[in-house]
Amino acid sequence: MGNIRKILLSNIIFFITFRATITLLGVIGMDKIEITIEKTLIERLKNRERDALEELYQLYAPSLLAVSIRYTTNKQDAEDVVHDAFIKILNNIQHFVPKFEGAFEAWMKRITVNTSINFLRKKAKLTEINGHIYDEGAIPDKGNEESSEMPQQIEPEAAIKMIGELPPGYRMVMNLYVFENYSHKEIAEELNISVNTSKSQLSKARALLRKKVAQNYKRQQIVE
Amino acid sequence: MKELNEIDQLFRSSLADYKPVPETKSKERFLASATGLWAGSSGSGLNWKYLLLAAVLLLGISGTLYYYLSPGNEKQTNLSLTQTTNSDVDELPAVTLETEGADKKTEVNNASEETDQQNAENLITQPEKNKAHSQQEIKDQNHAVSSANNNTISSGIETKQVNRASLQAVSYAEHNTHTTLPLSPVFRYENRQIPDIHSKPGNLIYRQIPLQPFPVTEPTDKDYKRVKRSSPLNMAYSIHYRPEFIFNIIDNNKMVHNFGLDVHFKLFDDKYIIRTGISSSVSKGYYEYAVLYNEYLGSYEGLDSVTFQWDENHYHLIPTYHTSEREVFDTAVQTDVTKVYKRFTYLQIPLMLGYDFITHKNFSMGIRLGPTLSVLLADKTLSENYDPGKHRVIQVNQITPDRIETNWMLSAGVNFGFYSKKRLFYEIEPQFSYYFNSVYQKYDVSKPPFSIGIRFSIGIK
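Those protein sequences? They're chains A and B, same order as listed. Residues in the first sequence are numbered from 1 upward in steps of one, following the working numbering. Residues in the second sequence are numbered from 1001 upward in steps of one, following the working numbering.
Think of the hints as simulated: they come from the structure by calculation, not from any bench. Cβ coordinates follow ideal geometry from the N, Cα and C atoms, glycine included. Treat the hints with caution; some may be incorrect.
So the derived list for chain A, only partly shown, Cβ under 10 Å to chain B, looks like this [to be verified]:
| id | residue |
| --- | --- |
| 1 | R50 |
| 2 | P62 |
| 3 | L90 |
| 4 | N114 |
| 5 | L209 |
| 6 | I222 |
One chain only, chain A, in its complex shape (with noise of 0.2 Å):
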């Protein structure tokens, strides 16, 4: 009987000092330590408060572009599909919950890749992906790459402008598996091909981008 008393005590003293804790916790502030900017920006966007949306755009605008830009080949393009993915971020953002941190700059990344896809799906007609729609002919040889200069950095808008001239299928298997770091499988899946055929659009898609630098950096040279 006494053994069951101080059980029942010390649970209640648990469970007090507990409570008192969460509570003294609640009032400094502190269970809200890790709520961040990104956090009070989502929530302030399920509150539909409209300065909320100038600074969604402002902070993140230009990394979705970033992504965009690689997958369309102009400017104007990835903008319109830089909206269409906030458009699409906004329809969904009462759904979404931060679990880590960055979480939201990375969802946000998935839509605008997926609505890049869309994009260029619609443009391209991307469902000939595995046909014979491009130039063979246009691959370098392997012995070429291996003997080819490469700079060691080149300029931002230089490496878009190259990777827009790729074929979109190219451009697709690259930019994922690269950039958005995709496995082969993740990339078959989400372009509804072969892993094959994606390890071989990406080695055409490095061989022509190895050819492209490499005359970029002799031209570059010969100014020099």
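Chain A is already provided as a structure; the job is to place chain B on it using the hints.
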């Protein structure tokens, strides 16, 4: 682990910090779309819940009123009157009678009821019947009442009907005294007996109530005018105020105030109503503008020209510098969103058609449905204009589009009318309105709006 070769690394590192600046127009476009999106879907689920709740409430109220006020349920109303009469005469001596079979009562009561209704209808609709016929009717009525009383006393049942008959007879007599028939003061119910409803069944107690003779007055000119004015003209005038909550608009302020004058035409026994008139609708709200500007960085004294003059000795040239203040602006274009508070005044012309399901002396209930034409009369900026300070304004783009100048809407409502003894009447009408097109000039910004409101009016008939 993924394999990234040299070319992958090169492009990845080259674009790692690449963040192109979006065009200013894209930002404005996004802000306009997002604002329209939020306006178009602002709590739409909640609104429908409210609308559903309002519809259920309206149905409930209408059903209840219909049940209690429909002609088949008049007995209950009259019962309460009988009970009041009985409770008022508790101090009177009682007579105890025993109940008999229920066979007679139905016939007597039905006969009495039919006679009452017939007489009442005849007299209300044709108040100026010839005197002889009316007097005969009164005699019949008295006879019917007396026989009903006698039968009820002998049978001891359905006292409600007897009292109802007597009440209708009273009403009938009063009506006639005011219109055509100078009744003699012989109209007296002495020794009339009313059962005590508190007594046990099968052992009813009847009490004697001495009734006073009805006052008889000659009809005056005023009475004739009243009769002439109220019945055949079937027109009424009213003023109304209707607060309205409008949805699917970009403005934050959803409240719209409407007030105006109405003319009511009542047709076919006052059952059908045509209501038209003129009203004014005033709505206020914030309108957003995107201002593109170059930021003011400062100013300096810029050299315009230099002139030289010889000194007195003609040895040195003395320069004179002519300067002016030059302002310096940043070349980057920045955007500022400003709000302007505006008021829009519309002229509205409604054409509402209605039907009253319930038309009583003091109350009516019906539906109203019809289109309303809105024409923009004036828009006025109430707030101060945007002050750019020293910044150089390049362009001002309107995010919230302007209001449309002509608009049509369809309104439907449930009308509750309350009529006083004089010529005044009051109406309450919850309304739902659907706009056929957007209230904005750019239709793609928001969906066609809808509104809920309630119309209060006071009028004369």
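Against the structure, the hints come out as follows:
The closest approach between the C-beta of R50(A) and any C-beta of chain B is roughly 7 Å, which is under the 10 Å cut-off, so the hint is satisfied. About 4 Å separates the beta-carbon of P62(A) from the nearest beta-carbon of chain B, less than 10 Å, and the hint is met. At a threshold of 10 Å, the smallest CB-CB gap from L90(A) to chain B is about 6 Å, leaving the interface hint in force. For N114(A), the interface hint is violated, the least distance from its beta-carbon to any beta-carbon of chain B being 18 Å, above 10 Å.
Annotation: interface hint on L209(A) holds; nearest CB of chain B at approximately 5 Å, less than 10 Å. A least Cβ separation of about 20 Å between I222(A) and chain B goes past the 10 Å threshold, and the interface hint is therefore violated.
Against the hints set out earlier in the document, violations occur for numbers 4, 6.
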